[in-house]
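Q: All chains, full assembly: derive it from the sequences and hints.
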Amino acid sequence: MNKKTEDQLVRLAFGDLTPEEATRLQAEAESHPDSARALDTYRRMKSELRSLADVPEDQLSKERLREAILTRGLQERPVKRSWSWLWMPTAAAAVAFGITFAKGHFIRPDAPLTASVLDSSVVKEPGDLGKINPFSAKPHQPSLDSVVPPEGTFEDETSNATVAMTDTPRRGSNMSRSRHGGREDSDVKEFLKDWADSMTAPKASNPEASGPQFDHVGGATPTVTGLRDPKDTMPPAGPAGETVMSASKPPIILIQPEKDSSTGARKATEVESASNVLVGG
Amino acid sequence: MGGDLTEREQRVWKKIQPSVVYLLQGTTVSGTATLIDREGLFLADRAAFAGAEVEGRASDGNQVHFKLIATDDPTQFVLLKAETWNPAFANPVTVGDSEGSLLAVTSNGPIRAERNSKSGAYFGVLNNSSRRSMPLTEIRLENTQANLGGALLFSLDGQLVGALNATLEVPGGQSNLQNRGGGGFGGGAGRSQSDATTATTAKMQLIPQYGPGMMATGYSVSSKVLKRVVDGFVSPSHEVHHPTIGIICGNAIPLGALIDSVKDGSTASKAGLRKNDIIMAINGQAVQNQFDFIKVMSTQEVGANLKVTVKRDGLVQTIDVTVGSR
Chain U
207 MNKKTEDQLV RLAFGDLTPE EATRLQAEAE SHPDSARALD TYRRMKSELR
257 SLADVPEDQL SKERLREAIL TRGLQERPVK RSWSWLWMPT AAAAVAFGIT
307 FAKGHFIRPD APLTASVLDS SVVKEPGDLG KINPFSAKPH QPSLDSVVPP
357 EGTFEDETSN ATVAMTDTPR RGSNMSRSRH GGREDSDVKE FLKDWADSMT
407 APKASNPEAS GPQFDHVGGA TPTVTGLRDP KDTMPPAGPA GETVMSASKP
457 PIILIQPEKD SSTGARKATE VESASNVLVG G
Chain E
5 MGGDLTEREQ RVWKKIQPSV VYLLQGTTVS GTATLIDREG LFLADRAAFA
55 GAEVEGRASD GNQVHFKLIA TDDPTQFVLL KAETWNPAFA NPVTVGDSEG
105 SLLAVTSNGP IRAERNSKSG AYFGVLNNSS RRSMPLTEIR LENTQANLGG
155 ALLFSLDGQL VGALNATLEV PGGQSNLQNR GGGGFGGGAG RSQSDATTAT
205 TAKMQLIPQY GPGMMATGYS VSSKVLKRVV DGFVSPSHEV HHPTIGIICG
255 NAIPLGALID SVKDGSTASK AGLRKNDIIM AINGQAVQNQ FDFIKVMSTQ
305 EVGANLKVTV KRDGLVQTID VTVGSR
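Chain order of the listed sequences is U and E. Residue numbers for the first sequence follow my numbering, beginning at 207 and rising by one. Residue numbers for the second sequence follow my numbering, beginning at 5 and rising by one.
Derived from the structure by calculation, the hints contain no laboratory data. Glycine is no exception: its CB is placed at the ideal position from the N, C-alpha and C atoms. One should not assume that every hint holds.
Said to hold, decoys possible - Example chain U residues on the side facing chain E (calculated, C-beta under 8 Å, incomplete): (1) P456; (2) I461; (3) Q462; (4) K465; (5) D466; (6) A471; (7) R472; (8) K473; (9) L484; (10) V485; (11) G486; (12) G487.
A: Next up, the structure:
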C-alpha cells in the first residue's frame, strides 16, 4: 500500500472526502485486505482520539498520553504472517498523522490537547510547562495563508511575519498550522513523532522537499545533528561537499589576508553557499 | 601610462588623476590612494602598505607623507591623512555606482576593467576573527605585472565605484589566455581553468595575441558599502558603522542559520540570542542557510529593528533585535 493510498484512507476514516469519493474508496478498500485493515485502524484511532479529549487536566502529560495511545490505540491484531511487519509502522505513522490531522475537527478548542497560547514571560524553562493551564486556550482562527509561527509572546493569533517557506499543503493541516508555536502542543506532537518514527523504518529525507522539516508535526529534533564542526572555519578550496540545499545561490567568496603573488591582491576563493562557511553579521 | 586607453578613458583619467596618489614602499609603487576629503583625507586598501605611515607621490610629482588614521576591519580599507595637502589641488572623488566599463587605477597606472555582475551579487567573508560578510561585485580586468592589489575602480563618469579587495585564486594561477577570436573584453575570457594544459599554453603562444592576454577576476565591495566607508571616514569620528547584530553563524540542518557565537555586548547578546539558536527568518524573510542570513543583513541599516525568528531546543520564538554597528 503506497503513501497516497494511506493518505486517502486516513481522509476517509476522518470524513474528509466527498460522499462520492468516500463511497468509491470504501469499495476499493473493502476489496483489499490491507487497505481494509488500515481503514479499520484509522477509524479506531479516530474514536480513540475523541476519547482522549476526556482526559482530565491534572492527568494530562506526555507520558500519560503516550500510555493512552499505546494501550488503547494500537493493540496488535492477528494478521497474516507475511504482512505482520507492515502493521506496526503503518499504525505508528497513522497515529502521528491522525493526531495532527484530526485535532482541529474532533477536539474542542478548549480541550486539553488544544495548543495553549503561551506567554513567553511564563514559559522560560521546560519546567514551566506545568504552570500552563491548557484549558485557557483561545479558539484559533486557522489561516491557510499563515505559515509562520506567531511572533512575540505567542498571543498573536495572526502574525505579520510571513515566511516564504514552501510547505506541502495538506487538507486540514491549517489546524496544526494555527497551533504552531503553542509549546505544549509542539512538545506533544514532537514526542509523538519521535515515538512514531522509532516504530517506522527510516525514510530517506529529501532536502528538496517542500517546507522546513521543523514545521507542524512535531518539528525537527530538538538537537541539531549532522553539522560540521563549527571550528572548521577553513572550507576546502573549490566547492564544498555539503548537501546543497539551495543550489541556485551564488557562491560565497572567502577572502584571505594573504596576497596572491600573481595579482598582488588578496586571495579569494569561492565556496558553495550551501557549505558550512561561518559568516558574521 | 594609459596608452591603451580609449579617448574617453583617457579623459576620465585626466579628470581623476589629481585626486590619486601612488603609495610607495621605498621606490616601488605598492598601491594607490584617492582623495575623499578636501582637507587631505585619502582612502586606500590596507594591503597597499605596511605600518602606520607611508610615503606617496602625487600627480604633480610631489612627495606626500601620510599617517594612518583609521582602519575599517570588515572591508580592510584605511583612512590616510596627508600631512601637508593643498585643498585646492584636487577635488575629492564622489562615490557612485556603475555597470559595465570601468577604469582601474593600479600601481602601474590605469587599465581597463569591467564589472561582471550587479552590485552585491556576491557576498564575501573576510577570513578573520569577525568573519564579517559584505556584498561584493565581480570585476574582470587585465592582470599585468601583478599590480592589482587595492586598485581603485572608477566609472567612466569619474566616480569612485569600488576598490579591488581580492582576486580569485584558482588552481594553476590567475592567468587566462583570452579567446583569440575577438580581442578586448570578449565573452570568451572566463576564469582560468585548472585544465589549462601545458600543451594548450604552448599552442596559444604561437598564435598572435590580440587584446589583453592575461585576465583576472576580482572582487570589490559594493558601491553601497564603499559609500558607507567613505562617509564614515570623513565623519568627525572617522568611524565606519556597518550594520551588524554581532553573531557568527553557519548552516543548520535541514534549514536555517545556526548561531555559532554571539559577541559579548552586541545587540544580539542583549536581545537574548544564544549560541546554537537556529535563525529561521528575519522580518519575515526566510533564512534557509547562512547565505540567506548575510543577504538579509546586507540590506539592513544601523538602528533598524529586526524580528528574528529562531528555534531553540525545539521551541520557535521571535526575538526583537536592534541592528547595531561596528
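Q: Looking at the structure, which of the earlier hints fail to hold?
A: none
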